[in-house]
Amino acid sequence: LAALLDNHIHHGNELNIDVRRIAWKRVVDMNDRALREIVASLGGVGNGYPRSDGFDIVVASEIMAIFCLATSIEDLKEKIGKIVVGYTKDKKPVLASDLKAEGAMTVILKDAFQPNLVQTLENTPAFIHGGPFANIAHGCNSVVATTSAMKLADYVVTEAGFGADLGAEKFIDIKCRKSGLRPSACVLVATIRAIKYHGGADLKTITEENLPALEAGLVNLERHINNITKVYNLPLVVSINNFTSDTAAEVELLRKRVEALGVKIVLATHWADGGAGAADLAHAVVELCEKPQAMTFVYEDSATLWEKINAVATKVYGAKDVTADAKVHSKLKELEASGYGNFPICVAKTQYSFSTDAALRGAPSGHTINVREVKLSAGAEFIVMICGEIMTMPGLPKVPAAERIDYVDGKVVGLF
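Start counting at 1 in the sequence shown, then tack on 4, and there's your number in this note's numbering.
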């Protein structure tokens with residue numbers, strides 16, 4: 005799509021596209037901060053018109069979101085055609101369909117659009133299909149994989165990425181809202197180590213018994229529980245990945261606190277024992293599914309875009325307020341005036357905290373969520389709200405994993 009866009013501009017720009025208002029970025033499946041903002045088409049007349057450009061990571065691309073939200077190949081093609089790639093010099097949107105791109109793009113995706121059927125180590129069928137991250141995208145696998153699985157099995161388990169503040173909220177407010185899917189139950193997966201970390205424990209001693217840290221960190225788990233049971237109104241079971249470093253005292257403290265909230269808690273050891281280690285969890289899920297509840301959205305379609313981000317921030321993140329500069333407010337009004345106000349929102353923010361500060365652990369309250377940027381995903385039919393310092397093109401850490409990977413004596417080492 006990016007190539008077709010620049011090619012159209014190079015060959016006369018019949019659509020009168022304003023090169024200062026290109027909305028479509030290129031993508032690459034690599035963390036590379038140097039590509040966030042670039043200048044493209046340098047080197048002379050034959051290379052096109054020089055302009056500002058940039059890259060996002062593949063999982064943040066609108067194409068990935070469309071791929072996962074489309075209900076059929078025809079729907080996929082239609083959604084691709086609605087992508088806004090830029091604006092004309094009189095500020096009218098230019099769509100992918102204006103570039104006649106949707107047909108060829110659908111052909112490229114036609115085989116990939118078929119869900120990938122794989123087999124687990126215990127011969128259970130599973131679909132692995134689509135991969136938008138839940139911190140910078142909507143964090144759910146494809147609708148076609150989920151609906152296909154529902155035609156083939158009595159019970160279907162699907163994952164939404166990261167915590168219940170990100171993946172679960174987007175699963176409900178975007179995927180379920182768009183597809184009509186309604187979950188019968190929810191499993192909240194947690195570890196004692198993660199809870200202790202949210203209670204202030206040092207990662208170097210995270211496997212040591214630390215009841216005060218566990219006690220302090222439980223506020224994080226409790227907020228996730230509250231979001232699922234009170235905000236989303238879903239039947240819930242808490243599954244604790246039970247590791248050998250977990251002590252009996254820690255397990256007992258955790259069990260008492262969760263059960264005091266009226267929620268069932270189950271220890272799971274499937275990481276070590278396979279399916280047998282998750283049998284109790286499976287029975288608990290089956291029991292929950294016999295008592296379905298009417299799921300609720302965090303906000304209504306009719307709410308304004310500003311009301312929607314306020315609802316997510318205050319109800320789910322525990323924030324007191326939402327802020328944004330005049331440019332963001334102007335963009336929101338422009339989107340609503342263009343007929344996009346009924347779209348759900350997709351919040352891009354750190355996965356490490358309920359706030360936009362990755363270092364703020366536990367369950368912070370009274371904080372402020374700042375909306376830094378707003379992006380229209382007209383094909384995927386949602387509005388991206390970029391909050392805090394999150395980037396849609398990540399950078400590598402100071403010590404990247406690549407430094408540990410090597411090829412020694414015919415074997416790859418350092419991957420894990």
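Calculated directly from the structure, the hints in this document are not laboratory data. Be a bit skeptical, because a hint or two may be false.
What the hints assert, rightly or not - Calculated cross-link-like contacts (lysine-lysine; reagent style DSS-like; alpha-carbon spacing at most 30 angstroms):
| # | residue 1 | residue 2 |
| --- | --- | --- |
| 1 | K182 | K379 |
| 2 | K86 | K295 |
| 3 | K331 | K379 |
| 4 | K331 | K319 |
| 5 | K182 | K402 |
| 6 | K324 | K86 |
| 7 | K182 | K324 |
| 8 | K324 | K379 |
| 9 | K208 | K260 |
| 10 | K95 | K155 |
| 11 | K324 | K93 |
| 12 | K268 | K295 |
| 13 | K295 | K234 |
| 14 | K104 | K93 |
| 15 | K114 | K155 |
| 16 | K295 | K155 |
| 17 | K86 | K104 |
| 18 | K114 | K86 |
| 19 | K86 | K331 |
| 20 | K114 | K104 |
| 21 | K93 | K319 |
| 22 | K335 | K324 |
| 23 | K155 | K268 |
| 24 | K379 | K335 |
| 25 | K182 | K81 |
* Could you tell me which of the hints above the structure violates, numbers in ascending order? => Failing hints, ascending: 2, 5, 6, 10, 11 and 21.
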